[in-house]
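Asker: In order, the protein sequences belong to chains U and H. Take 1 as the starting number for the first sequence in the working numbering and just add one per residue. Take 1 as the starting number for the second sequence in the working numbering and just add one per residue.
One should not assume that every hint holds.
Stated by the list, open to error - Subject to a maximum C-alpha distance of 25 Å in a straight line, what follows is the list of computed DSS-like cross-link-like pairs (lysine-lysine):
| # | chain 1 | residue 1 | chain 2 | residue 2 |
| --- | --- | --- | --- | --- |
| 1 | H | K57 | H | K11 |
| 2 | U | K57 | U | K15 |
| 3 | H | K53 | U | K42 |
| 4 | U | K57 | U | K68 |
| 5 | U | K5 | H | K57 |
| 6 | U | K57 | U | K71 |
Honestly, the hints are just simulated from the structure, not real lab data.
Residue-level listing of the chains:
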Amino acid sequence: QQQVKQSPQSLIVQKGGISIINCAYENTAFDYFPWYQQFPGKGPALLIAIRPDVSEKKEGRFTISFNKSAKQFSLHIMDSQPGDSATYFCAASRGETSGSRLTFGEGTQLTVNP
Amino acid sequence: DAGITQSPRHKVTETGTPVTLRCHQTENHRYMYWYRQDPGHGLRLIHYSYGVKDTDKGEVSDGYSVSRSKTEDFLLTLESATSSQTSVYFCAIRETTGGEQYFGPGTRLTVT
């Protein structure tokens, strides 16, 4: 059972544009929602994360929007750059009692054209 | 890289042979995790550890075992490798405060 669904699978954006990746989750016990960025041949790197007590978190050009009632969250990359071209994964976990195990979405391959 | 190393980085092995992958951390984190990454599946949790000799199963644990005899090392063993275990394996650690997980560089395993 896929508990975190991510879309789109791939995304092509022009330099300077906005990249938007969406995730939906099923388990209402999830309480931590990170996004990871992965370059080819590397491990995933934590990009930004949010907890459900806030609806938005911004770090530089990266923003997470969180909609608890809809069980959805999204990553917005403003002023997208070719260096942002990577695979992005959303994830969710449900706290200490479950060891904070992360459930990942399937990933979005982002290409930013110059 | 949060002080995480994985070894080997690449391995080719034959079906039916045992394989052990090692994850080593230098920062004394309590929680360690093993994930596998396959196209179309994202990353899936195999096993995790919440302390020395304390481990638990993840969503894809069949065919895998783990051991943690020291805080710094978390071993993943494939008792009898199968072609379906061809994958990229990532180790992760979690800081106790904040809950962020940080990943190692990965091991690419090919089972022929």
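Asker: Would you mind marking each hint as holding or not holding in the structure?
Answerer: Here is how each hint holds up against the structure:
no.: 1; hint: H:K57 - H:K11; in the structure: holds (24 Å)
no.: 2; hint: U:K57 - U:K15; in the structure: holds (23 Å)
no.: 3; hint: H:K53 - U:K42; in the structure: violated (29 Å)
no.: 4; hint: U:K57 - U:K68; in the structure: holds (14 Å)
no.: 5; hint: U:K5 - H:K57; in the structure: holds (22 Å)
no.: 6; hint: U:K57 - U:K71; in the structure: holds (16 Å)
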